[in-house]
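Student: Next come the chains, spelled out residue by residue.
There are 2 protein chains.
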Amino acid sequence: MKLLEMTVEGFLAELGSDSPAPGGGSAAALAGAIAASLCEMVCRLTLGREAYRDVWAVIEEAQIRAASLGSRLRELVEEDAQAFNSVMTARKLPRGTEEQKAARERALQEAALKSARVPLETLEYLAALADLAVVCADLGNPACVTDAGSAAQMIRAGGAAAAWNVRVNLPSIKDAKAREELGSNAAGLLAGIVKASGQVDAMVEKSMNERSRT
Amino acid sequence: MKLLEMTVEGFLAELGSDSPAPGGGSAAALAGAIAASLCEMVCRLTLGREAYRDVWAVIEEAQIRAASLGSRLRELVEEDAQAFNSVMTARKLPRGTEEQKAARERALQEAALKSARVPLETLEYLAALADLAVVCADLGNPACVTDAGSAAQMIRAGGAAAAWNVRVNLPSIKDAKAREELGSNAAGLLAGIVKASGQVDAMVEKSMNERSRT
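These protein sequence lines are chains A and B, in that order.
By the count of our numbering, the first sequence reaches residue 214 at its end, each step adding exactly one.
By the count of our numbering, the second sequence reaches residue 214 at its end, each step adding exactly one.
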């Protein structure tokens with residue numbers, strides 16, 4: 001059964017079970033999908049409100065983009081679990097003959113690469129989403145600023161978790177060039193996410209402080 | 001329909017819809033529920049592995065506690081949405097007569113208090129869960145250290161989101177004592193969560209660095 005077709009209750013039980021997948025990598029992509037939905041909601045609650053007519057064009061674009069990023073992040077929840085399972089499958093391959101050993105090693109390398117590339121793609125989508133969260137906090141309906149802030153928090157949490165999931169797979173990858181690229185791309189994307197989510201934090205704090213003075 | 005009984009896909013669509021609830025407060029509790037499941041998984045993958053026999057007693061206790069905290073956090077996903085809706089309902093009450101005005105004001109105060117108390121309770125559960133994430137990262141199966149780390153990230157994100165959801169409701173609360181207590185409790189709980197999740201971060205980094213040297 002597909003993870004996204006489970007009930008929330010069922011998914012959480014599967015996540016908590018003793019099968020290693022889904023684990024932190026799927027949780028990272030799910031955190032992104034939750035953030036994408038929160039951004040979409042902020043956009044919807046801004047569009048159609050006359051008071052925000054001057055930002056409708058930007059917000060409408062943000063809404064479409066959030067929906068599209070969320071859609072891919074939901075797929076990545078599934079793909080991360082599959083990547084992990086492919087490592088498990090490769091490990092169980094026979095290694096009686098030299099040929100079998102070589103085939104197993106190829107399968108292990110492929111699975112390790114996949115297990116690092118999936119969370120790297122999650123990071124790419126989270127980075128794009130972090131920029132949208134900034135737009136939502138900055139230009140969206142101020143009544144929803146904590147929702148945009150919550151989205152940014154989920155994006156940063158997902159980013160940190162996805163970056164660890166890239167790094168944890170690197171020692172298994174023999175191709176030094178691929179290993180270095182994956183590692184440095186992950187670090188760069190995470191830095192961008194941390195920066196953008198810090199901007200959103202500051203916007204939410206500013207809005208909270210203004211509100212408490214009124 | 002109960003939110004937790006929806007499919008993950010359906011819940012994310014509801015979160016992204018133009019109804020303001022569920023919003024950031026429910027997302028905060030859900031982030032906690034995800035973290036509780038990740039902690040449970042780490043415990044399960046530690047129990048039954050002979051190599052970790054000396055920590056089984058502590059980890060078994062942690063697993064039971066994670067399951068219990070997760071169960072309440074899942075309820076809080078629902079309750080946060082209900083609290084928000086109670087504000088909306090109160091706002092729509094008639095205010096034609098003095099009596100109606102007074103009844104509406106009482107309903108508004110009750111709804112505002114509820115809307116701050118639910119995310120405060122989420123913070124309490126997240127704070128307890130943060131301590132468990134430290135135990136999981138410290139004593140759990142080292143192969144799962146990024147899962148414990150991902151849990152801590154979700155807890156911090158949920159904590160920040162829940163704390164904003166307490167604060168955003170404070171200006172509507174007329175009882176100054178309740179307002180101050182809610183605000184300072186939220187700030188204190190969040191500080192504890194940030195500290196514990198920072199400890200987990202450091203444990204994951206240490207483990208990652210050791211791994212990359214082997």
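No lab work stands behind these hints, which were simulated from the structure alone.
None of the values given here were measured: they were computed from a predicted structure.
Don't take every hint at face value.
As the list claims (entries may be wrong) - Taking lysine to aspartate or glutamate pairs in the DMTMM-like style, the calculated list, with each CA pair at most 20 Å apart, reads:
{"no.": "1", "chain 1": "A", "residue 1": "Lys92", "chain 2": "A", "residue 2": "Glu110"}
{"no.": "2", "chain 1": "B", "residue 1": "Lys174", "chain 2": "A", "residue 2": "Glu110"}
{"no.": "3", "chain 1": "A", "residue 1": "Lys2", "chain 2": "B", "residue 2": "Glu9"}
Student: Hint by hint, which ones does the structure fall short of?
Tutor: Checked against the structure, the only hint that fails is number 2, while the rest are satisfied.
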